[in-house]
Amino acid sequence: MIKILTIIGARPQIIKAAALSRAIHEEFKSKISEVILHTGQHYDDSMSEVFFREMQIPSPDYNLGIGSASHGSQTGHMIEGIEEVLLKEKPGGLVVYGDTNSTLAGALAAAKLHIPVFHIEAGLRSFNKYMPEEINRITCDHVSTLLFSPTLTGVNNLANEGIVHHENQALSFDRQGVYHSGDVMYDNTLFFKELAMANSSVLKNLGLADQSYILATIHRPSNTDIPENLGSILRALNDISREKNIPIILPLHPRTAAILKQEQNAKHMELIRSNSLVRLIPAVSFLDMIRLEAGAQLILTDSGGVQKEAWFMEKPVVVLREETEWVEIIEAGNGILTGPRSEKIIPAALKYLDAPPRDYPPIFGDGKAASQILKVLTTANWH
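Heads up, the sequence shown is in the working numbering, so the first residue is 538 and it goes up one at a time.
Hints are computed from structural coordinates only; laboratory data are not their basis. C-beta: ideal position from N, C-alpha, C; glycine also. Hints may be right or wrong, so weigh each one.
Computed beta-carbon distance windows for the label pairs [unchecked claim]:
1. P898 - G604: 36 to 44 angstroms
2. F728 - G602: 24 to 32 angstroms
3. G744 - Q706: 55 to 63 angstroms
4. D747 - L887: 16 to 24 angstroms
5. S596 - E621: 16 to 24 angstroms
6. N742 - M806: 22 to 30 angstroms
7. H651 - G613: 17 to 25 angstroms
8. G602 - P899: 36 to 44 angstroms
9. I867 - E704: 14 to 22 angstroms
10. P669 - S570: 47 to 55 angstroms
11. E868 - P669: 19 to 27 angstroms
12. E851 - E704: 17 to 25 angstroms
13. Q801 - A696: 39 to 47 angstroms
14. I783 - M806: 50 to 58 angstroms
Each computed DSBU-like pair below joins lysine-lysine, with the alpha-carbon atoms no more than 35 angstroms apart [unchecked claim]:
15. K730 - K540
16. K741 - K888
17. K881 - K730
18. K905 - K888
19. K649 - K566
20. K888 - K649
Starting from the given sequences, assemble the full structure and let the hints guide the process.
Next comes the structure, spelled out in structure tokens:
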């Protein structure tokens, strides 16, 4: 029996972990036992606990309750807490997801104790090292033993950094195993979409019909912490909604909601309050978010996860960033990078509203990524 310690801390990681936990229970429970550690990086109930309930994930065995802090303070406290659990549990390996501070802390704590690290969503690159997430991705990849990339682009990115698959060798962070696994988020979308369509009442509660609105999300510091950028995005939402007479639904990340209340953003809020078509709502549950994505005509976001979910739902996406780790979406013509500039956001949105793309090739796998990952864990020579 292989014992793994799974590190989660942010909303996307909780969702991703659902796919792996489900596959362990359904297919690998005689071979793998899982211990879950929640760092508490997202501590708001709407961003964390509710997802455990909806994702049918067992409650975490450990919750460090770290909460919000500077990058250094948050990561340092996480490393300390994770190390204590690693020494107590003595797992055979540690699973981390994505690119958050929880990912970095888990990878560093395990690697220093010579515990193999398994990185799910390895190889993603935005090629912007000013993004904290980019530093986290790169560092985690370089101390991992098994790297699972959702796309072939990710595999190629790793190869360009000298991280290649070592066939028929004992694997370690010196001789790594690199696998094109597909995307666990696609697993979840397939699994939960039917449930969301049947059980979510979010459209009814908001008085919306399918294909009658735009969905938007904003949470990245580069967009929320700079008033000029936040104002530019909000002006774009205002203009798009008025131009097309279409509602724009903006579920507010708790951090974004707090920033919008600051005095420096008062004039932006006045603009939005004057337009009944732009509707700011509290953060929604995962099932409600899936339902909103499925019913939207267009999605505008700065979230990496929502970009992919837009693809899974076959919706065009305007990416409110200068670059993206999901370059395949842009290259396929199903997404447009605009950054926070309204003069780019508006024409991109209008283009997709008038002529949405129709082709969504299967670049993120077949919806069985979790099973492929666990098969590698139980068969590869990494012990």
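Outcome of the hint check:
| no. | hint | result |
| --- | --- | --- |
| 1 | P898 - G604: 36 to 44 angstroms | holds, 41 angstroms |
| 2 | F728 - G602: 24 to 32 angstroms | holds, 29 angstroms |
| 3 | G744 - Q706: 55 to 63 angstroms | holds, 59 angstroms |
| 4 | D747 - L887: 16 to 24 angstroms | holds, 21 angstroms |
| 5 | S596 - E621: 16 to 24 angstroms | holds, 19 angstroms |
| 6 | N742 - M806: 22 to 30 angstroms | holds, 23 angstroms |
| 7 | H651 - G613: 17 to 25 angstroms | holds, 21 angstroms |
| 8 | G602 - P899: 36 to 44 angstroms | holds, 40 angstroms |
| 9 | I867 - E704: 14 to 22 angstroms | violated, 32 angstroms |
| 10 | P669 - S570: 47 to 55 angstroms | violated, 32 angstroms |
| 11 | E868 - P669: 19 to 27 angstroms | holds, 25 angstroms |
| 12 | E851 - E704: 17 to 25 angstroms | violated, 36 angstroms |
| 13 | Q801 - A696: 39 to 47 angstroms | holds, 45 angstroms |
| 14 | I783 - M806: 50 to 58 angstroms | violated, 21 angstroms |
| 15 | K730 - K540 | holds, 30 angstroms |
| 16 | K741 - K888 | holds, 28 angstroms |
| 17 | K881 - K730 | holds, 31 angstroms |
| 18 | K905 - K888 | holds, 34 angstroms |
| 19 | K649 - K566 | holds, 28 angstroms |
| 20 | K888 - K649 | violated, 50 angstroms |
Hint compliance for this structure: hints 9, 10, 12, 14, 20 are not met, and every other hint is.
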